[in-house]
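S.K.: Sequence:
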Amino acid sequence: MSYRALLHETRPSLLLFGFLARLPYAMSSLTTLMLLQSATGSYGFAGAAAGAQSLATGAGGLVVGRLTERAGLRRIGALTAVANAAALTALVAATHIGRPAMAGAAIATGLAQAQVGALIRAHWSQLARSRPGLLTTALSYEAAVDETSFIAGPAIVGLLAAVTTPLPALAGAAVLLLAGLPLARRYADPEPGPDRRTTLPPLPVTPLATLVVAMALLGAIFGVLQVAVTAYAGDPGSAGLLYAGLGAGSALAGLACGWLPARFGAVARYRTFAAGLLAGMALIAFGETMLPVAIVLAGATIAPYMISVYTLAERASAGRVAVALTIVGAGGPVGTATGQAAAGLLIDSHGPHAAFLLTPALAAAALLVAHSPRSS
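In this text, residue positions in the sequence shown follow the working numbering: the first is 24, and each later residue adds one.
By construction, these hints were calculated from the structure, which means they are not laboratory data.
Beta carbons: idealized from backbone N, C-alpha and C, even for Gly.
Some hints here could point you the wrong way.
What follows is a set of in silico ranges between Cβ atoms, one per label pair, in the way DEER data are often shown [as the list claims (entries may be wrong)]:
| hint | residue 1 | residue 2 | range |
| --- | --- | --- | --- |
| 1 | Ser-395 | Leu-39 | 34 to 42 angstroms |
| 2 | Arg-286 | Ala-124 | 49 to 57 angstroms |
| 3 | Pro-284 | Pro-396 | 19 to 27 angstroms |
| 4 | Gln-149 | Pro-227 | 16 to 24 angstroms |
| 5 | Pro-225 | Thr-187 | 45 to 53 angstroms |
| 6 | Ser-395 | Glu-311 | 27 to 35 angstroms |
| 7 | Arg-98 | Asp-371 | 42 to 50 angstroms |
| 8 | Thr-187 | Arg-93 | 37 to 45 angstroms |
| 9 | Arg-93 | Gly-64 | 39 to 47 angstroms |
| 10 | Glu-311 | Leu-85 | 34 to 42 angstroms |
Produce the complete structure using the sequences and hints provided.
M.R.: Set out below in structure tokens:
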């Protein structure tokens with residue numbers, strides 16, 4: 024299915040609100056990092072707090088997935104939008120109180136994170152039941168939109184922080200979360216019947232666990248890069264633009280995945296793109312002197328890997344798409360938490376280059392997971 028045909032399968036407003044509503048996800052972690060580092064002067068504390076926020080995002084995602092099965096995409100999508108906006112507001116207020124309040128508010132923001140990416144992928148999966156060929160194109164589109172948000176989000180954060188402080192970026196994220204309210208109304212989400220909870224099939228544990236690990240390793244790469252790029256750049260504006268370059272390369276590659284031939288199967292794609300991820304991270308680690316170029320080229324390896332993981336998760340969902348995608352998606356923030364904390368400590372003691380060297384090691388682990396027997 025072409026992207027033009029995809030536009031005819033849903034309301035254009037869903038695509039617009041879907042983009043706007045996920046911008047806060049792309050903004051919150053980097054903004055939290057910059058905000059808390061500015062407030063405390065410590066990359067170690069800021070990285071640990073941002074990592075705790077990411078870990079909480081993973082835990083919150085599991086709860087959101089389960090609640091979605093009981094209450095539906097529409098209700099939970101609206102609830103998380105409001106809750107996340109309130110938590111971001113509390114995070115801004117916490118900067119005037121102290122480190123414990125900042126850490127607590129960062130965790131609350133993660134727990135309340137609106138899981139727009141997973142919920143909208145579940146929406147597409149629902150539509151695809153009666154529209155052959157829709158899902159592959161839709162997942163490629165969503166990966167590109169994810170990465171586009173990671174272009175716009177860090178760029179907005181960096182530019183605002185360069186002009187003023189990270190506070191306006193957090194306030195803007197809270198406002199953008201309101202786009203989740205009209206988005207939730209557009210989800211393809213028949214209300215679950217009263218007997219739904221007694222007829223749910225069991226989830227396949229082993230395939231999903233493998234995919235959670237795969238996504239966690241990608242999340243760890245994101246976490247390391249967020250902190251390392253911020254420290255390497257030296258100022259918020261440059262950091263946001265560098266990280267946006269990563270998203271630009273990834274978004275273009277994600278769109279290109281929509282034209283891959285069907286004979287290039289899901290497992291083969293996953294393993295091929297895992298190898299590409301390793302090559303991309305090696306570019307960043309050993310091409311630091313040309314980081315603006317290396318980071319764009321490396322970005323082109325990210326979305327294809329992420330698309331292949333989500334495709335396998337949908338296939339392994341046993342009909343429980345929303346919860347399967349949120350479970351696998353939860354691996355990302357858990358990995359990000361680990362990456363952010365590790366990178367913050369490394370940078371405080373050895374500088375950003377030591378953190379950059381972590382990324383090919385993480386990508387090598389992702390390649391090993393992709394070739395494990397349980398990955399197929």
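S.K.: Which numbered hints does this structure break?
M.R.: Checked against the structure, no hint fails, so every one of them is satisfied.
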